[in-house]
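S.K.: Top line first, the protein sequences correspond to chains A and B.
So for the first sequence, our numbering puts the first residue at 1; every next one is plus one.
So for the second sequence, our numbering puts the first residue at 1; every next one is plus one.
Take the hints with a grain of salt, since some may be wrong.
Some chain B residues well away from chain A (every beta-carbon gap over 10 Å; in silico) [unchecked claim]:
{"no.": "1", "residue": "Ser21"}
{"no.": "2", "residue": "Gly60"}
{"no.": "3", "residue": "Asn105"}
{"no.": "4", "residue": "Ser142"}
{"no.": "5", "residue": "Cys152"}
Computed list of lysine to aspartate or glutamate pairs in EDC-like fashion (alpha-carbon distance at most 20 Å, straight line) [as the list claims (entries may be wrong)]:
{"no.": "6", "chain 1": "A", "residue 1": "Lys20", "chain 2": "B", "residue 2": "Asp153"}
{"no.": "7", "chain 1": "B", "residue 1": "Lys30", "chain 2": "A", "residue 2": "Glu298"}
{"no.": "8", "chain 1": "B", "residue 1": "Lys164", "chain 2": "B", "residue 2": "Asp153"}
{"no.": "9", "chain 1": "A", "residue 1": "Lys20", "chain 2": "B", "residue 2": "Glu154"}
{"no.": "10", "chain 1": "A", "residue 1": "Lys108", "chain 2": "B", "residue 2": "Asp117"}
{"no.": "11", "chain 1": "A", "residue 1": "Lys93", "chain 2": "B", "residue 2": "Asp35"}
{"no.": "12", "chain 1": "B", "residue 1": "Lys81", "chain 2": "A", "residue 2": "Asp176"}
{"no.": "13", "chain 1": "B", "residue 1": "Lys18", "chain 2": "A", "residue 2": "Asp176"}
{"no.": "14", "chain 1": "A", "residue 1": "Lys12", "chain 2": "B", "residue 2": "Glu94"}
{"no.": "15", "chain 1": "A", "residue 1": "Lys20", "chain 2": "B", "residue 2": "Glu17"}
{"no.": "16", "chain 1": "B", "residue 1": "Lys30", "chain 2": "A", "residue 2": "Glu114"}
{"no.": "17", "chain 1": "A", "residue 1": "Lys323", "chain 2": "A", "residue 2": "Asp359"}
{"no.": "18", "chain 1": "B", "residue 1": "Lys30", "chain 2": "A", "residue 2": "Asp359"}
{"no.": "19", "chain 1": "A", "residue 1": "Lys96", "chain 2": "B", "residue 2": "Asp117"}
To be clear, the hints were calculated from the coordinates, so they are not data collected in a lab.
Since the model is a prediction, treat every value here as computed from it, not as a measurement.
Even glycine gets a Cβ: it sits at the ideal position worked out from N, Cα and C.
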Amino acid sequence: MRPKILTVDDSKTIRMIVGKALKTFDCEVFEAANGVEGLAVASRERPDLIVLDLTMPIMDGVEMLSKLKSNPELKMIPVIMLTAEAGRENVLKIAKMGVRDYLIKPFKEDVLIERVGRVIDLKPKGEATNKIRRFDDPINILVVDDKPAICEQLKTGLGDTPWIVSGRSQSGEAVDYCSQTLPDLILVSLSLADNAGYTLFQMFRASSKTKNVPIFGMCVKTASDDQVKAQQAGFTGVVTKPIDFDDLKSKIARSLNLDTSYKYFEQKSGVLLLKLPGTFTQNVANEVNIHLRAKVSEAVDSGLDKLILDLSEIRKPDINVIKLGLAAIQLCSELSLKQRIVGSDSVCNECKNFEETKDWKFEGSFDEALASFTGPAMASAA
Amino acid sequence: MPRLHADDRDVIIDDVEKLISTAMKEVFLKALSFDIQQDQSLDTVAEGEPHVAGSVGFVGGISGIVYIYTTCRFARAMTGKMLGLAEAEVEGDEMINDAMGEMANMVVGVMKSKLADQGLQVSLTIPSIVRGNHFTIEQSGSAHRRVLIFKCDEHRLLVEVMAKEQN
């Protein structure tokens, strides 16, 4: 449920500033111009937080707060007090009133967000919609590294995706970037001077805006201390240099929960086609395994009862291919799906060497496999 | 800064003037990112243009009032900056009035905090606005008055401070 925030201030300007600061977050903002209106809105909406001005006409913040605290149904609502008066005595007086926090006017937007974020879980708008993104959707990646060559390398290495890579060489520039644009993922060099990479990580985690953005540390393969330190600090993961781009893409896809199933699964001519790529790595195996049950169940749910496992592009099947094939066939059996396997002669011969696959029957092409469903019943796999 | 002595009028107005000068620079920088400079050699704000003044009074150990006035043109620019809007998006006078009132409230609020830290309590009034083409603000007989002039690029801001000790 979206958190509700009530801002009570006689100044429309301040109410607008608060509303604008919260605009990019998934929350509902309600306004009131004085304590009387504030209590009415609080009773009606039961906000998760009240941002309350101290000095107002009709009923000021102190009176509203005392009425709020004496109402059993409203007394638990946290309050952040706003005041233009920062004197020690005033601050102590506010602290004694049972407020969660206070802000001195004028305040910066990011300070307000940071204080609100301490009380309620603020999520950026896009993130809260839980939209499932595909691997081929554009995503924004921020790279923080003082070596421009690394950023260029990342741009080139990820050049076959629609992902946008932006580089910043210093922490301050990265913070400025994030105040303007919320990246989907951040890669931070762990070898920035004075441990700046770790400090930057802490700053991003402390900010309501970036606290949920996956952050990977980057270091050379041999820097094992940095890798351990980054894991302990809570980085989403570590990317080692020289960068293995297939591995990096897989890490990014997992951390952003990107849908990669379209690369392997397709509903075609009334069957579910599971086609494995020629370069079958452990990452590919992981991605297919993640989606296998859901995609097969989805096909059954949509009325399909046939699956074709296409291994024709596999040059030499290894144990990962075999395991995956067995899992697919087992699943078809559980869900009563008919299945066929497509493969080249070399795949066929290789499979004869394994006890589990020696009885697999292969079709020469997708069309042949499709036609075989309508012919006499014939098990492709034992 | 010396502690205020209610029996010394000159010290009171001098200190209030200093506090307001510091508060103006602090608030304009924090709320608007405007680096304003005090320059008493400047002329007052532009003649013949409509003006707007935001004011907030203070009552307590010392009492008085602070007016911050400038041209409506610059007030619009300030409002836009404060709200993150383009000047053209600032609609009507109400928005500008509110922003000018809030700026006065923040400036006098800073002054109040610093007075409180020195043991002198005052309460603030709700902000009010004065608009017009030709108006003057004059002191009553018992009050001290100071005028502070600030520049911000080509714009001028004029602050009138009036104060007297509590009887």
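S.K.: Regarding the pair Lys30 of chain B and Glu298 of chain A, is the alpha-carbon distance no greater than 20 Å?
M.R.: Violated. Lys30 of chain B to Glu298 of chain A sits at ~56 Å, over the 20 Å cutoff.
S.K.: Check the non-interface label on Cys152 of chain B: least C-beta distance to chain A beyond 10 Å or not.
M.R.: Consistent with the label, Cys152 of chain B stays out of reach of chain A, its closest Cβ about 16 Å off (over 10 Å).
S.K.: Would you say Gly60 of chain B is clear of chain A, with no C-beta pair closer than or equal to 10 Å?
M.R.: Its Cβ never comes within 10 Å of chain A, the nearest being 12 Å, so this holds.
S.K.: So if I understand the rule, the pair passes when the alpha-carbon distance is 20 Å or less; does Lys96 of chain A with Asp117 of chain B pass?
M.R.: holds, 18 Å
S.K.: Hey, is Asn105 of chain B genuinely clear of chain A, shortest beta carbon separation above 10 Å?
M.R.: violated, 5 Å
S.K.: For a C-alpha distance cap of 20 Å, please report whether Lys93 of chain A and Asp35 of chain B respect it.
M.R.: violated, 32 Å
S.K.: Assess, step by step, whether the Cα of Lys18 of chain B is no farther than 20 Å from the Cα of Asp176 of chain A, and give holds or violated.
M.R.: violated, 34 Å
S.K.: A cut-off of 10 Å on Cβ-Cβ distance, and Ser21 of chain B was said to be off the interface with chain A. Does that hold?
M.R.: holds, 17 Å
S.K.: Is the Cβ of Ser142 of chain B farther than 10 Å from every Cβ of chain A?
M.R.: holds, 26 Å
S.K.: CA of Lys81 of chain B to CA of Asp176 of chain A, is that 20 Å or under?
M.R.: holds, 18 Å
S.K.: Between Lys20 of chain A and Glu154 of chain B, is the straight-line Cα distance small enough, at 20 Å or below?
M.R.: Roughly 29 Å between the alpha carbons, so the hint for Lys20 of chain A and Glu154 of chain B is violated.
S.K.: Can you confirm whether the C-alpha distance between Lys108 of chain A and Asp117 of chain B stays at or below 20 Å?
M.R.: At roughly 24 Å apart (the allowed maximum being 20 Å), Asp117 of chain B and Lys108 of chain A break the hint.
Checked against the numbered hints given earlier, this structure breaks hints 3, 6, 7, 8, 9, 10, 11, 13, 15, 18; the rest are met.
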